[in-house]
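Asker: Chain residues, written in single-letter form:
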Amino acid sequence: EADIYQTPRYLVIGTGKKITLECSQTMGHDKMYWYQQDPGMELHLIHYSYGVNSTEKGDLSSESTVSRIRTEHFPLTLESARPSHTSQYLCASSVRDRNTEAFFGQGTRLTVV
Amino acid sequence: KQEVTQIPAALSVPEGENLVLNCSFTDSAIYNLQWFRQDPGKGLTSLLLIQSSQREQTSGRLNASLDKSSGRSTLYIAASQPGDSATYLCAVWNRGSTLGRLYFGRGTQLTVWP
Chain F
1 EADIYQTPRY
11 LVIGTGKKIT
21 LECSQTMGHD
31 KMYWYQQDPG
41 MELHLIHYSY
51 GVNSTEKGDL
61 SSESTVSRIR
71 TEHFPLTLES
81 ARPSHTSQYL
91 CASSVRDRNT
101 EAFFGQGTRL
111 TVV
Chain Y
1001 KQEVTQIPAA
1011 LSVPEGENLV
1021 LNCSFTDSAI
1031 YNLQWFRQDP
1041 GKGLTSLLLI
1051 QSSQREQTSG
1061 RLNASLDKSS
1071 GRSTLYIAAS
1081 QPGDSATYLC
1091 AVWNRGSTLG
1101 RLYFGRGTQL
1111 TVWP
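Keeping their order, the protein sequence lines are chains F and Y.
First residue of the first sequence: 1, per the working numbering; consecutive thereafter.
First residue of the second sequence: 1001, per the working numbering; consecutive thereafter.
Keep in mind that the hints are not guaranteed to be accurate.
As the list claims (entries may be wrong) - EDC-like cross-link-like pairs, simulated, lysine to aspartate or glutamate; straight-line CA separation at most 20 Å:
hint : chain 1 : residue 1 : chain 2 : residue 2
1    : Y       : Lys1001   : F       : Glu56
2    : Y       : Lys1042   : F       : Glu22
3    : Y       : Lys1042   : F       : Asp38
4    : Y       : Lys1001   : F       : Asp59
To be verified - Some residues of chain Y that are not near chain F, with every Cβ distance over 12 Å (derived):
hint : residue
5    : Leu1011
6    : Val1013
7    : Pro1014
8    : Asn1018
9    : Ser1028
10   : Gly1060
11   : Gly1083
12   : Thr1111
13   : Trp1113
14   : Pro1114
Claimed, not checked - Ranges between beta-carbon positions, derived for each pair:
hint : chain 1 : residue 1 : chain 2 : residue 2 : range
15   : Y       : Thr1026   : F       : Glu22     : 46 to 56 Å
16   : Y       : Asp1039   : F       : Ser84     : 18 to 28 Å
17   : F       : Pro83     : Y       : Asp1067   : 42 to 52 Å
18   : Y       : Gly1041   : F       : Val52     : 30 to 40 Å
No wet-lab data here; the hints were simulated from the structure.
Quick caveat, the model's predicted, so the values are computed rather than measured.
Where is the CB? At the ideal position from N, CA and C, for every residue including glycine.
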């Protein structure tokens, strides 16, 4: 079983609030990712990191930001939440190797009202 | 840009049937292909990882094959059970950047009824 944790699992928040979605893994993986998933749609990569102090934007434009100060921690922040940010956010990690397997957290379902 | 397609989008079968889920991808320059299971409102659970040099992988009642040259993979589920009901996602590790990244299909929603 993968040791990657996301909190909170569910969040309902008002428009304009600042929020941080937490993601932590205890496997020592260098690579971490944030994906966004709308119901019935494919996962879209919004941010990724190859290691400490390394972050890149993914394929899907996002108003969120990320940081990677410690290997095990990859939080995602929305400075001002909007209803268009309502979605499921999934965090994943993998080792820094081409023959790698990705492990996912349980996800955070965000609703902005 | 890599595109991953899964067919069918939904499948409903009686318990005990053997079934095949299909996945195709447009760019054959991949490192690996990974099959996941997703239960409603949950994250993704890794089922099988097939490296680009392999043709198939097996885990219990699951068997996944990979034909990289034609851009296709299949997930075979033997003797299906109601507990297999979930959405099954196919994802490919692309060589688009130095260390690769995952591209996902939309999934096949499987319902197995008793």
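Asker: A separate judgement is required for each hint: does it hold in the structure or not?
Answerer: Here is what the structure says about each hint:
1. Y:Lys1001 <-> F:Glu56: Measuring from Cα to Cα gives roughly 18 Å; hence the hint holds.
2. Y:Lys1042 <-> F:Glu22: Distance of about 16 Å is within 20 Å: holds.
3. Y:Lys1042 <-> F:Asp38: holds (13 Å)
4. Y:Lys1001 <-> F:Asp59: holds (10 Å)
5. Leu1011: holds (15 Å)
6. Val1013: holds (20 Å)
7. Pro1014: Its Cβ never comes within 12 Å of chain F, the nearest being 24 Å, so this holds.
8. Asn1018: holds (26 Å)
9. Ser1028: holds (15 Å)
10. Gly1060: Holds: least Cβ distance 16 Å, greater than 12 Å.
11. Gly1083: About 17 Å separates glycine 1083 of chain Y from the closest Cβ of chain F, which puts it past 12 Å; holds.
12. Thr1111: The claim holds: threonine 1111 of chain Y sits with its nearest Cβ about 15 Å from chain F, beyond 12 Å.
13. Trp1113: Non-interface label stands for tryptophan 1113 of chain Y: nearest chain F Cβ at 21 Å, farther than 12 Å.
14. Pro1114: The claim stands: proline 1114 of chain Y keeps its Cβ more than 12 Å from every Cβ of chain F (closest is about 25 Å).
15. Y:Thr1026 <-> F:Glu22: 46 to 56 Å: violated (35 Å)
16. Y:Asp1039 <-> F:Ser84: 18 to 28 Å: For serine 84 of chain F against aspartate 1039 of chain Y, whose Cβ atoms are near 26 Å apart, the range 18 to 28 Å holds.
17. F:Pro83 <-> Y:Asp1067: 42 to 52 Å: Hint holds: Cβ distance 43 Å, inside 42 to 52 Å.
18. Y:Gly1041 <-> F:Val52: 30 to 40 Å: holds (32 Å)
The structure is inconsistent with hint 15 alone, although it conforms to all the rest.
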